[in-house]
Amino acid sequence: MRSFDRLFEHSSRAIAQRTSRRSLLASLGQLLTGAALLPLLPIDRGSRAHAQDKKLGQQDCDYWKYCAIDGFLCACCGGTATSCPPGTQPSPITWIGTCHNPGDGRDYVISYNDCCGKTSCGNCECNRNEREKPMYRPSRNNDLNWCMANADSNYHCSVSVILGVAEK
Amino acid sequence: MRFAYVLFRALPWLVLGARALAVQPPLPPEHLTVEPLPPRSAHWVFVFDESFDNEIDARVHLFDGDTYRQLGQIDAGFTPSMNLSPDGNTTVVATTYFARGSRGTRTDVVEFTDNSTLTVTREIVLPPKRAQTLPTLFNVAYSADGHFLYTSYVTPAASFGVLDPLKGTVLSEIDTAGCVLVIPSGPNRVSAICENGRLLTVTLDSLGREASRKMSDAFFDPDKDPVFAQGIRSPNGFTFLSFLAEVHEVDFSGPQPVFAPTWSLVSAAERGRWRPGAEQVGAIHRVLGRLYVPMHVGGEGTHKDGGTEIWVFDMRTHRRLQRWPLGPANLGGPVVAVQVTQDQAPLLFAATGKGTLAVFDAFNGHLRHVEHRLAQTPWMLMTP
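Keeping their order, the protein sequence lines are chains A and P. Position one of the first sequence corresponds to residue -2 (the numbering used here), numbered consecutively onward. Position one of the second sequence corresponds to residue 14 (the numbering used here), numbered consecutively onward.
Worth double-checking, as some hints may not be accurate.
As the list claims (entries may be wrong) - Here are the simulated lysine-lysine pairs, DSS-like style, with alpha carbons at most 27 angstroms apart:
no., chain 1, residue 1, chain 2, residue 2
1, P, 237, P, 227
2, P, 142, P, 227
3, A, 62, A, 165
4, P, 237, A, 165
5, A, 62, P, 237
6, P, 180, P, 237
7, P, 367, A, 62
Honestly, the hints are just simulated from the structure, not real lab data. For clarity, every value in this text was computed on a predicted model and none was experimentally measured.
Given these sequences and hints, build the entire structure.
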């Protein structure tokens, strides 16, 4: 038993000599964070998988509804693909895109509203331009700040809202 | 053990060194100064930085293409526009400020910076209608003689303001429903691009009020092949490139714009595959007649993707002279803005979405310098 104690004492002192308390805390933190993230790893969880894919999709620039978006995805800024982050205001005016949903094979008319009143979010910049037109076609243009008519015209992020199925 | 031995052997030298240092005279006191700008150079470039991640804090960097030094900065507020005066002495920035930094009462303003000192010398407060959009040469622009300054308004109703930059006053607002931007020509004409592919040209009287207006024929089809709004200054006006690489040269030297026959940047085999794409999609050396375009391979919707190559054309023969593959330059991303100096030993500046500015010999495409992290989002370049 004494030799067991000595073994641990020796190894503890060796670790103490090579590392600082701060690095030990950092390592422990990493371990705990890793443990906390383990449930998020992409393993098959049956019915939960669909909801999780949907959530991940909204933060992914390749998400089908984002085919003509240009800005920061609100889903990465405290909102979702269809809701503005807390404390911001939606723009009442907007630009329009038409995106193809590979899930059901339909084309949808999408409204890309901006969320306004705070400075740019800076997360998940996404610039896609399918059927996007320059500024002389304003309703199809994603370069304009669509917060322009808000009481506070500062631009924060952009959402994508389905308006309906596109007519052929 | 080995370390102790080395220390023991070196000790006398360390003592001697310390004594030598001890007898050196102290450094003299220093004087704090403000660095003056060197004389203006044709190889300067103004780098418009939208600072998109923190958009209320845009700026314009001034960079020297010979010394590769950043010379200074002009602050530019929120979603600004910029341009240079015809004599190059002034940088004009049209921008927006909020009373509490990121929120509060909106003030739209045009600020004039002296390009010999980089200090703001004058401002004109605008109605809160300024077009808040990506930079082009036509968001804010001077008349050819510098007596009028035009600012594009979008609320989203379209109009433009006429300003007197010398007196610091707003002279008028002119409605341009369905047509946007301010393409200046002559001492008193403004053209706007319309949603049907036409140009509306408004002629002003001496007080900056509308004297007459005329609509042109359509010079492009916005549905089939739209032109980039980022026109390129050419000898008699501006040149517009289309998404499918057609070149529309417009002569603005007369009372009404005149459209030259179009020509293409691509062969029949390349059409629809190789495309121009960028935030600032071309540059022209007006004396040499050379056109520089960032090109990429892509389909519909890739018109802002940036160039993986720069193609060089002779504007007179319409021949492609050179292709500059950008891969070997290792710029960290495709080129989203280009500009060429107008001297006889021209430089081609190319900026990437990663904030890199590359300096090329504009004659042969030799890479002279790469400046990393000069800006956050450099979306337009201007040379004096």
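Verification of the hints:
no., hint, verdict
1, 237(P) - 227(P), "holds, 25 angstroms"
2, 142(P) - 227(P), "holds, 24 angstroms"
3, 62(A) - 165(A), "holds, 18 angstroms"
4, 237(P) - 165(A), "holds, 17 angstroms"
5, 62(A) - 237(P), "holds, 23 angstroms"
6, 180(P) - 237(P), "violated, 45 angstroms"
7, 367(P) - 62(A), "holds, 26 angstroms"
Violation of the numbered hints given earlier is confined to hint 6; every other hint is satisfied by the structure.
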